[in-house]
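Chemist: Guided by the hints, dock chain B onto chain A, whose structure is given.
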Amino acid sequence: MSPSLLQTLAAGNPWGAIWPEVALGCLALALLLLEIVLPKRAHPKIPALAIAVQVAVLAGVLLDFHSPYLGHETFNGLLRHSAAGQAMRLFFILSSILVFGLAQISLAKQTMPRIEFYSIVLVVAAAMMLLAQSAHFVMLFVALETVTVGLYILVSYCRTNARTLEAGLKYLVMGALSSALLLFGIVLLYGVAGNPGLPAHTGFGLHYSDLAAFLAANPHNFLASIGIILVLAGVAFKIGAVPFQIWIPDVYQGAPTPITAFLAVASKSAGFAVLLGLVRFAFPAYGWLTTPVLSAMAGATLLFGNLAALTQHNVKRLIGLSGVSHAGFLLLGVVATVTVPLALGAVYFYLLAYLLASFAVFAVMVHLAGPDDADQELEHYAGLAKEDPFLGGVLAVGLGSLAGIPPLAGFVGKFLIFVAAYRAGLHSLLAIAIGCVVVSIYYYFGWIKVAYFDGARPATELTPRPARTPVGWGARCAMLGLALASILIGFCPGGFAQWLRW
Amino acid sequence: MMMSASFLDPLLISIVAPLAVAAAIGLGLPKRWSLRLAYLGFGAPLLCALHVWWHFGAAPKADGYAFLTDYATGLSRLGIELRLGVNGIAMPLFVLAGIVGFAAGIYAIKSTAERVKIYVMLLLVMLGGLMGVFASVNLFYFYFFHELALIPTFIMIGVWGGRDRLYAAMQVTIYLTLGAMLSLVGLIAIYARSGAHSFDLIALHAALAREPLGLLAQKHIFGLLLFGFGILVSLWPFHSWAPLGYGAAPSSAAMLHAGVLKKFGLYGLIQVALPLLPQGAAPWAHPLALLAAGGNVVIIGLVTMAQRDLKQMIGYSSVMHMGYAFLGIATGSALGIGGVVLLMVAHGLSVSLLFLLATCVHHRTQTFALDEMGGLAQRTPVLAAFFTAAIFASIGLPGFGNFWGELLIFVALWPFSHLYTALAVLGVILSAIYGLRALARIFFGPPTEALARVSAQFPPADLGWSERIPALLLLATLLFIGFFPRSLSRPIGAVLPPPPDAVAFVQP
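Keeping their order, the protein sequence lines are chains A and B. Following our numbering, the numbering of the first sequence begins with 1 at its first residue and continues without gaps. Following our numbering, the numbering of the second sequence begins with 1001 at its first residue and continues without gaps.
The shape of chain A in the complex, shown without the other chains (with noise of 0.2 Å):
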């Protein structure tokens, strides 16, 4: 091997460029390390010191917002570097984080090995920082499967509970089938861009650039449109958008409450920026066709998430349904991404917005749960505000914040979707997504009513209630945080916008 082509390869590959995720994976190797080197009682500090080093490379990426790789693109075209990547990238370690602040509270209910579970989650997030960032197929098949299997480990992690390994076969399957769907999208795009009778023929199908090119040129060819089709439902998997929902209320009841909130929000965003990468990068001449068949998902994800969420008792599968309709607005949004620059910028506040929300949520949520994780009922909830109106207060923040109430980070958001949507033209999904949001009070504010309103009712050997767990001062300190940046993000919604520059 000549010098010149080490240095050719060194050029193409700027490893500086994914510090940040090379970083967390090398943390991610530490951790395992250091189970074997450090005696048995330093264990629980570990997650402890992961959380203090992400919070470094956190304060790394929001110090190198600004990078010189902004705008060009890297590893010979798969990873393309741009300000929102920066973003999503600050939005999965912020996740990754908050991941391990839950999976301190709720393991410790268990009795399960915890390293392995900290390094699998530090993989899956450095994981999705490159998928929101790949501008490839291979790429973002790749760090697509990464996470997928990440995740088969962590929903089925407590192996002991039958329903945990339930969701863990349910959700291996569906997992199975979309990553299919999506290679056999892939491979089609690919082949038929290859095609030598086509214009703009180009071997270099798999690069979205290259891809659009040649979809320019080829507007209307009948298997590009089945591979772009079958790619947007590789996709919808991960977004669980209708028709590809159908795991979600299982898969999210028996998964540990921690992936629960990490499936929930990071892995729904992930899919988002992979949606978005491609509507914008590698099919835009085909929104001919993109456009109805998100359009017609949107309005049915929005319908389904919204009035299946209305009969459920688990409030693991309540925030799942919950979490399909949110999955409808975003893409309401998406789709308006189309014609109105302002959507894309509307998307990731909400996504910011469901973030905080969320977390905030499930938070209380973990605090409540007892041994049995899967075993989470609106019942339990009874006079929560009464017995301990912090998590009420919490609750109350984050559930109002999902429901998109002012003055909370979720009106926003939903406020921000409207305007693109209704600027796009996209009048009956507006219709539909206002009908789901007065049906979906009904449900949130069924949640507060529980906690606020409903006395709180003995223990019984028929109806037991887990015991809740004290909330430590760190956790306290998290929620507090969680709540305020909701309310204040709320009032004043503009610093976020204008340091992203949209």
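There are no misleading hints in this set.
Footprint (simulated), chain A over chain B, 3 or more residues, beta carbon under 8 Å:
| no. | stretch |
| --- | --- |
| 1 | 1146-1157 |
| 2 | 1166-1174 |
| 3 | 1178-1192 |
In silico contact screen, one side only, chain A against chain B (beta carbon under 7 Å); selected entries:
| no. | residue |
| --- | --- |
| 4 | Pro406 |
| 5 | Phe418 |
| 6 | Arg423 |
Simulated from the structure, these hints should not be mistaken for laboratory data. Where is the CB? At the ideal position from N, CA and C, for every residue including glycine.
Modeler: Just chain B now, with coordinates in the frame of chain A:
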């Protein structure tokens, strides 16, 4: 054109003071200090409101708005910034919010409610939102503050409410969210179509004056706003939440909601829908008048007569009086709309006075059922006097503010349609019947056996100071407007295009 942002801005203080006090209480101030500080939270908006009322005439105005100031929130690119200011229509309602807020607040602080600290805190949040609604020139914050004021209502009904409180809380919330969502889409539609790239009312007005929307668009958007806002103001047949909610709500919440928050919908129609979509209103005028006159005034008037529960009766009567306000809007004339603004203020004062006094009656009789009362006037003459005055005001007798509002609406309605005028006047008779009958049932005649038993157990005392001060404040303002309507009608008239006959009527 714009005055510099200052922290001595009375509008900003009136919003921030209650919210800041609420935040302090929420963060764990001890109870004694909370209640003391709450006086400040309720008093500051009142003082600001009076300050604004007093200085409004002389204050420098830009596009009709006095006290105009901007506070950046960082979304200026989307045309969203906190812009505060009041024009002739907003000012009377701003004053109304300050006065009713103070009355409801004082009553709440002195009340014997459980967990009174949280109750007062929620009331403060509501008041902060209300002041913001009428001080916002930006439609985003106009909507934002309305919703902010709405959430505490839900919680207060659910926790401190009376009968059927959980059912009432859910129904009120879902109904009002539906109305708010419809009007939100209407507001977004105006924003997106106007080309002003701003939610600022002044900018929207200028843009739409240059290039009005097409007739069809105006009609559709006006319809959205009409029904969205209409649900919030209990337009028949979307009124069923109101009596239920008010029947269940604790008194201070009912006072603030029925008295002030409900006026948001009417205010939106007058301040936003009519000026921005002038041609959109015409096709809706007759359907609206039909719903309002036939539904709100006559049907609900008859329903009110059949009520046996005092609080339900007041709730229904407030639905009925909203019919007059819709009729005034349906005329589309400056005279009618000026009348609506006067009626909104006067009705806000009188209905909150009635809710306050109804709770006072309940404390003395332990019941809201009209059949179980009687003869209370002998024991509590001051309460009886206040109640009589409140009922007279609500019927619309001269001397009270309601009279001017209703009179102007009737005068404006006559050229619009003789039939609706006749129906509206019939409504006055209906309200006299149920009002006077309730008065007679509660205060006069022999006491019933059940009441005699309650009286023996709790000897009824007359109004205490914590009840007299709020009642007196509300009643005095009603009388002041009744005898000196010009203090409000002049600023209102300055905003509306003046037809010649309006001026002659309004000046006493």
